[in-house]
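Please build the complete structure, drawing on both the sequences and the hints.
Residue numbers (my numbering), protein chains in the order written: chain A, 1 to 264; chain R, 1 to 264; chain F, 1 to 317.
Since the hints were made in silico from the structure, they are not lab data. Note that this is a predicted model, so its numbers are computed, not measured. Even for Gly, the Cβ is constructed at its ideal location relative to N, Cα and C. One thing to keep in mind: the hints can contain errors.
Stated by the list, open to error - Some residues of chain R that are not near chain A, with every Cβ distance over 12 Å (derived): (1) 8; (2) 52; (3) 99; (4) 133; (5) 147; (6) 231.
Stated by the list, open to error - List time: in silico DMTMM-like cross-link candidates among lysine to aspartate or glutamate, alpha-carbon distance up to 25 Å: (7) F/104 <-> A/180; (8) A/117 <-> R/9; (9) R/93 <-> F/127; (10) F/104 <-> F/88; (11) A/117 <-> A/89; (12) R/93 <-> F/110; (13) F/104 <-> R/9; (14) F/104 <-> R/47; (15) F/104 <-> R/80.
These are the residues of each chain, in order.
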Amino acid sequence: MLEARRTVQALAALIRVSVATAMQYRSNLLFGLATALLVDAMRVAPLLLVYGQREQVAGWELPHALLVTAFFFLLFGVQAAVLEPNLGEAVQAVRSGALDLMLMKPVDAQLLVSLRKVDASSLFPVVSALLVGGVALGMTELPGPVDVLLAVALFGSGVVSLYCLWLLAICVSFWFVRVDNLRFLLWSATDAGRWPIDVFRGPVRWILTAVVPVALITSFPAQALRGAWDVELLGTSAAVSAAFLLGSRWAWRRSLAAYASASS
Amino acid sequence: MHLLRALPDIFRVSFAGVVAYRAEMVIWILTSTMPLIMLALWNAVVDEAPLMGFGPTEITRYFAATLLVRQLTSSWLLWELNEEIRTGSLSMKLLRPMHPLWVHAADMLAAMPTRMVVLLPMLLALVAWRPELLALPDAWALAVFLPSVFLAWLLGFLVQAAFACLAFWLEQTQGLFALWFGAWMLLSGYLAPLEMFPEAAQPLLGVLPFRGMLAAPVELLTGRATPQTALVDLGVQLGWTVVGFAVVRALWNRGLARYGAYGA
Amino acid sequence: MIEARQLTKVYRVPVKKPGLWASVRSLWDRETRDVHAVDHLDLTIGEGERVGFLGPNGAGKTTTLKMLTGLLHPTSGSCTVAGHTPRDRHPDFLRSVTLVMGQKQQLLWDLPASETFVLNRALFDLDRVAFQRSLDELVELLDLSPFIDQPVRNLSLGQRMRCELAAALLHRPKVLFLDEPTIGLDVQVQAAVRTFVAEYNRRNGATVMLTSHDMKDVASIAERIVLIDGGTIRFDGPLQQFRQRFGGGRRLVVRGVEDLGDLGFTSAEGRASATVEPDQVNGLLQRVLERHPDAEVTVEDPPLEEVLATAFGGKEG
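Structural data, given as structure tokens:
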């Protein structure tokens, strides 16, 4: 219990420092916000193009597809602000030997290594997510409280699996220091999350649910918000994130053991 | 002439570099599979009924061609040059009696054969699986395709060179480039065939530089171009190439003067 | 070969005051301060000379080298190197000079050094015969053959530096600018680099301009010393004269004797030494020999580190 409290305190302190750093560069922040909003607007455009031609695509109407996009922007923000910077930090730490120092701290090493930094200036997609989500909800009936709660839970569960995926990348970096390209690969793979999962068929659909679990984060919560959830949906999400949690924790321990015996 | 004499050796060394980074190269190529994600969406759209002459076959052919042309025309000059300017390693390159941009250009071209080695089997497998995808374009279209795809590559290279030169003054060139890249994805035919855009937008799309960077060669390859559109596209590409050269030249010279004034 | 007239480099650095309001104000009202990195420097170096360019950190050494290689543009004044104005970056100029920086590298990191050599052959447009000849010579002088085909990232720092030197000299430049070439190297490699530079100068009659913190570099390579501090030249003359001017004294060393403390000697490791003005050497020598008629006494120049410490007035060693 004491260790858990210490871990939380340590993480909070690290995050405070990150935010303070970002606030040092206010003009950069404004510029970043402007570019992010413009880029995100261009990301929505193809959807409008498609729905300019069709009422429905793979069973999804425009407002619901927009909800998927909103969750996609949230995913984007989490990934850019939390997951990616920490992979970079971890690689640095392995290279410079600072990892040894981190492992000496009396807090959970996995959390300390994988969540030590928040790049607050990359959180702008959250603004886009709120804008797009607001517009989408304005176009349909408002979801009921149960739907909202489920959507939040599903999104959380999806984020956990995505975190585990990036943690696996950190584990890989213990062996291969050059993981820049792995970063790009994760980014481009998660890009598929911007469309409703039903447009994908066969193995791709399965991959996007269980291997690169973007559907869990974008389509599943959107499904809940439109009231179209069922037990299978909830069960899949829970099962996939549980598997990711266990698997990544195992991989982390294995890598630490390998790291400890490899370095001198 | 010195450049021509130097080319074979620059190629040879760059190629050795490509071989040294072959794992990264494969990941890079996998990273640019975005067209396949778009394909899934558009496939779902045209599944019920063809749209603007695009059925499932045509849309698959379109995005397969997009994938190919994208691989043939992509550059990573921006990241390389940014890094050189930031770390000062540009200084060492400036002490050689050849323009660093030429060396980079040769470097990028040298990676081309390897990219093809990875990509062609993928395309061949696709064609073997769905033979109806293969529709060889007319001889004239194939002949025009070569200069068209070269100009598309050159335009992309010049754009990145221009944005990279901004690193002589700014630290946020990547944010600016993201803005450009967003516009490019939307307006070049990367996310959707340009035919899907409203009629009113077509003349504008025709004169902007984006079309010449992707859609023009893709349409030649998929047999959707006519001799008239091909000629106009080539003209527009040439025009923007001239503009690009002028801009890069001006930015480079000024940037170098600044580099020389403030520390190298 | 190298000619600088009133060469001046002024950096304008922003003055940053603490506090939020000051940061906001600085958006439109930037306060700046001028820093004279190099201040009206006059310097003439002839063909084949070996010059040690000394000075404390921030004295303007690297700034001067970068202006002489065309990487930095002078704020005022002019310089000519090998008949060219460096900032024009004329291809003939670039072919006749080279710059080696101990902390920057041009070798391709993930490839063997031999690939960088081939690339430089192409970039400098060397004909194959001349290239092969200078490569063979460099490989032999620097003893590169054991590791020339290993990726650079697997080389030790010393091996890498030797390859750097080879890459920088393939085109047989007439002027060598060496900026801290031995920094971080172990003693043997440092010695090898020094011998090599001297040998290159002897064989090719090349002009060498060297900055270093390591006085052994300077003592073994340079025949002329230019001392710079605060962007201006404090001394310019032969190495011998530099010693006399700043370390005017001679050092008397007596071996196997300990009891000379009263004569101003300090003892360490079985030898006693004292530094005195040149005109007092004979007197002191006599008094030592009176006490120990068969003592083994030598008269030496003081180490260059001491000389330099005197020159900078205790600023830096």
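Evaluated hints:
1. Every CB of chain A lies more than 12 Å from the CB of residue 8 of chain R, the least distance being 28 Å, so the non-interface label holds.
2. A beta-carbon of chain A is positioned within 12 Å of the beta-carbon of residue 52 of chain R; the least distance is around 8 Å.
3. The non-interface label for residue 99 of chain R is consistent with chain A: the shortest C-beta to C-beta separation is roughly 27 Å, beyond 12 Å.
4. Chain A leaves residue 133 of chain R outside its interface by the beta-carbon criterion, the shortest separation being 17 Å against a cut-off of 12 Å.
5. Distance check on residue 147 of chain R: its Cβ is at least 29 Å (rounded) from any Cβ of chain A, clearing the 12 Å threshold; non-interface status holds.
6. In this structure residue 231 of chain R is separated from chain A by more than 12 Å, as the shortest Cβ-Cβ distance comes to about 27 Å.
7. A distance of roughly 23 Å separates the Cα atoms of residue 104 of chain F and residue 180 of chain A; the hinted pair therefore holds under the 25 Å criterion.
8. Our distance criterion of 25 Å between C-alpha atoms is broken by residue 117 of chain A and residue 9 of chain R, whose separation comes to about 44 Å.
9. Proposed proximity of residue 93 of chain R and residue 127 of chain F is supported: the alpha carbons are some 21 Å apart, at most 25 Å.
10. At roughly 23 Å between alpha-carbon atoms, residue 104 of chain F and residue 88 of chain F fall within 25 Å of each other, so this suggested pair holds.
11. Distance restraint check for residue 117 of chain A and residue 89 of chain A: the Cα-Cα separation of roughly 8 Å lies within the 25 Å cut-off, and the hinted pair is therefore satisfied.
12. For the proposed pair residue 93 of chain R and residue 110 of chain F, the alpha carbon gap of about 17 Å is at most 25 Å, so the pair holds.
13. Taking the CA atoms of residue 104 of chain F and residue 9 of chain R, the gap is near 24 Å; set against the 25 Å cutoff, the hint holds.
14. Under the criterion of a C-alpha separation no larger than 25 Å, the hint pairing residue 104 of chain F with residue 47 of chain R is inconsistent with the structure, at around 58 Å.
15. Annotation: proposed proximity of residue 104 of chain F to residue 80 of chain R holds, straight-line Cα distance about 16 Å (limit 25 Å).
The structure does not agree with the numbered hints 2, 8 and 14 stated previously, though it agrees with the rest.
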